[in-house]
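Peer 1: Taken in order, these protein sequences are the chains called A and B. Just so we're aligned: the first sequence equals residues 0 to 347 in numbering that gives the first Met the number 0. Just so we're aligned: the second sequence equals residues 0 to 311 in numbering that gives the first Met the number 0.
Hints are not guaranteed to be accurate.
Straight-line C-alpha distance at most 20 Å; calculated SDA-like pairs for lysine to any residue [to be verified]:
1. A/Lys267 <-> B/Glu200
2. B/Lys10 <-> B/Val59
3. A/Lys267 <-> B/Ser195
4. B/Lys267 <-> A/Glu243
5. A/Lys201 <-> B/Val270
6. A/Lys201 <-> A/Asp226
7. B/Lys199 <-> B/Arg35
FYI, nobody ran anything at the bench for these hints, they're computed from the structure.
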Amino acid sequence: MTNDNIILSFQDLDIRFTLRGQVLNAIRSVSLDVYRGESLAIVGESGSGKSVFTKSAMGLLDANGVIAGGHIWYGGRDLTTFTREKEWLTIRGKEIAMVMQDPMTSLNPLKTVGDQILEAVLLHQDLRGEAAKKAAVQALAAVGIDDPERRYKQYPHEFSGGMRQRVVIAAAVACRPKILICDEPTTALDVTIQAQILDLIKALQKKLDLTTIYITHDLGVVANVADRIAVMYAGDIVEVGRCEEVFYDPKHPYTWALLSSLPQLGVKGQDLYSIQGTPPNLFHEVLGDAFAPRNPQALNIDFVERPPFFEVSPTHKARTWLLDPRAPKVEPPEHIRHLRQKGGYPHG
Amino acid sequence: MAEREKLLEVKDLKVTFGSKRHPFTAVDGVSFDIYRGETFGLVGESGSGKTTIGRAIIRVNPVAGGTVTYNGQVISGKVSRAVDRQVIEQIQMIFQDPMASLNERAKVDYIVSEGLYNLHSHLSESERQEKVSRALSAVGLLPEFASRFPHEFSGGQRQRIGIARSLIMDPQFIIADEPISALDVSIRAQVLNLMSKLQKERGLTYLFIAHDLSVVRFISDRIGVIYRGKLMELAESEQLFAHPLHPYTKALLSAIPMPDPVGEREKKLLVYDPACHGYTEQDPPQWAEVEPGHFVWADRRELDKYRKALGQ
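Chain A extracted, bound-state conformation (with noise of 0.2 Å):
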C-alpha cells in the first residue's frame, strides 16, 4: 500500500478526559491508517474507546475531552490542529459523515424527515430550491424507502426503526461524504433489519466509493462488511488485520475471548465462554498488556511492560507478547479454531 491510498492516519493519538479533577485516559497512543475505499470494522466492549477513537477525527470529543499528542491526517491536514468550529465545518459532514447508533434518538421529532435531509443537501451540495428538494427525495429513493414523495413529508414517528435507520443514512451520504463512520448503527435494530440495513451500507459504499468505518461490539456482525478489523481495548489497538486474518488465525488473547463469547458458537448444555474480570480503570496507568489481568494464560511480563506490534503478516499485527520468539506456544481455544468450517447454518 502506497501512502496516496491512506485517506485518514491517526498517528500515535493520545486522547484524555477530566472528570471530577481525575484525569482518564481514553485513547492511549493509537496509530491506525485508513485505506481509501475500504470498509474498516473497529471492534471492541463498550467503554473501551472505540467511539471517542473516530469522533476525535469529526472534532466531536465531549467538552472534558482534549487530544492530548498525536496527529490526525485528512487530506494533508492534521486535524488536531484545528480549533475553531469553523475549520471544523469543512470536515464534518463534507469529508466524514457519521450515523449514530439509536435511530430512535438520532433524527429530530420535531421536523419532517424530508426537511432534514434537505438540511443536509443545502449545506453540502451546491443546490437550492426545488432542485435540492428533488436531491433529497432521490436520497430517500437510494436508501431503500418506497413513495419517497409521500414519506419526505412525513415525521420520524410515522416510521419504524429500520425506516429511519435507513433515513439518517440518507441524511448522512447527502452530505456526499468521503468517509461514512457507522457507529453501532444495528445495535438497536433486529437481526432481520439489521443484515438489511448492513446490505445498504454496503451497497451505497459501492456505488458512492465511500470508505465506510464500522463500530461495533459485536464480531459476529463485521464479518460480512468489513475488509480490516481493528481489536480495540482499553484505549488501544490489540490487533489489526484483514477480515480473514482476524477470524481464522487471531493472535492475541482479547481477540479470542470476543470470538469465544459469541452465543452462535455456544453449545447446549455447557456455559458460554465469559471474560472473566473487568476491563482496567483507564484513570490509573496502564502497566503491560491491559487484558492481562484478565487472561487466565497472561505472561510474566505481560504485567510489566506494553508489548510492541508484532507482525503476522504485512497486513496483520498484534499486540501481545506471544507473538516474540522466546514466548512459550499458547493455542487460541478450540472451539475458535475451525470458524470456517462451522460457518453457515443450513437454509433448506
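Given the coordinates of chain A, assemble chain B onto it according to the supplied hints.
Peer 2: Structure of chain B alone, referenced to chain A:
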C-alpha cells in the same frame, strides 16, 4: 414426551388493542405449551407480538380471546383475587433494557424488595434484608450493593439487579423479555450463563423472548417462531435449526450473522414475503403437526411438501 408436566398452556390466545370498533389484533390464535423446567424461546421481529404474549400471560395486557392456563388453573380473563395473587407471586418478568427498567431514584435495596412490599408479605425488617442479600448473592452481586443507586452499575450488573428483583419472589416461571438485547456481546454470555445456572439450581421455567435466533438456540429447549401475531413454526430448537420448514423461519436463520467472513460473503440473505404462499379459500392454512413436536402454519399443499422434505 407425555410424562412431562405442562406448567403453562396458552390456547388460541388473542390480544387486541384500540377501540372496539377499530380493533387492532396484535396476537391472533396463538397456542403453545410450556413444560415445567424447560426454556421456551419465542422469536420474531419487532411488532410481531412476542412481548404482548408475555404481557398477556402475566396479566398486564387483557386477553380478547382464548385462555392461559397455569398449573392447571385458568389465569386469563376475570379471576379470583387468590389466583391473581398467585400469578403475581409465581410469575416474574425480566425486562429488556436495564438502563430503563430500574428506578433511578431508588436504592437497589428497595428495587429488589419492591415485590415483597407490594405483596404485604409481613416480613420483619431483618428478614427482608436477609432475603435481599440472598437474592443479590444469587446473581453474583455483593450484598453491600443494596445501599447503592442504579447509576453506579454497568449494564451487565443492572441486568443482574433486574434478575435479583424477580428471584426474590421465589418464582416458578420467569418471562424474560429480550434480557440481553441491550448488552455487549461479552456481557451477554455472562447473563445467559447466570440464567441457565439459576434454572438448574431452582428448577425455573423460562419463557425467553428474543429477536435473535442464535441466542435463543443456545438457551432454549423448544422455539416458537412468531410473525405478525401468529405462530409460524414450533419445534425443538435443534430440530428447528436442522430442518426449518416455514419460509419465515428460513429468513430468520439466514439473517443470523456468522463469525466466518468467507461463509458470510457466500451466504444469500432470504427475505420473507407473506404473499409467497398463495393461500386460497378452499385450502386455508392451519396449525398442523408435521412430525412429533414439530408444528407449522401451512395449508395442505405445503404440508405435503414439508412432510416430503422431512423424508416421511
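Peer 1: Work down the list of hints and note, for each, if the structure agrees.
Peer 2: Outcome of the hint check:
Note on lysine 267 of chain A and glutamate 200 of chain B: the hinted pairing holds, with a Cα-Cα distance of about 17 Å set against a maximum of 20 Å. Distance restraint check for lysine 10 of chain B and valine 59 of chain B: the Cα-Cα separation of roughly 17 Å lies within the 20 Å cut-off, and the hinted pair is therefore satisfied. Among the hinted pairs, lysine 267 of chain A with serine 195 of chain B is consistent with the structure: their alpha-carbon atoms are about 10 Å apart, no more than 20 Å. About 19 Å separates the Cα atoms of lysine 267 of chain B and glutamate 243 of chain A, which keeps this hinted pair within 20 Å; it holds.
The suggested pairing of lysine 201 of chain A with valine 270 of chain B holds, with an alpha-carbon distance near 17 Å, which does not exceed 20 Å. At roughly 11 Å between alpha-carbon atoms, lysine 201 of chain A and aspartate 226 of chain A fall within 20 Å of each other, so this suggested pair holds. At roughly 12 Å between alpha-carbon atoms, lysine 199 of chain B and arginine 35 of chain B fall within 20 Å of each other, so this suggested pair holds.
When held up to the earlier numbered hints, the structure conflicts with none and fits them all.
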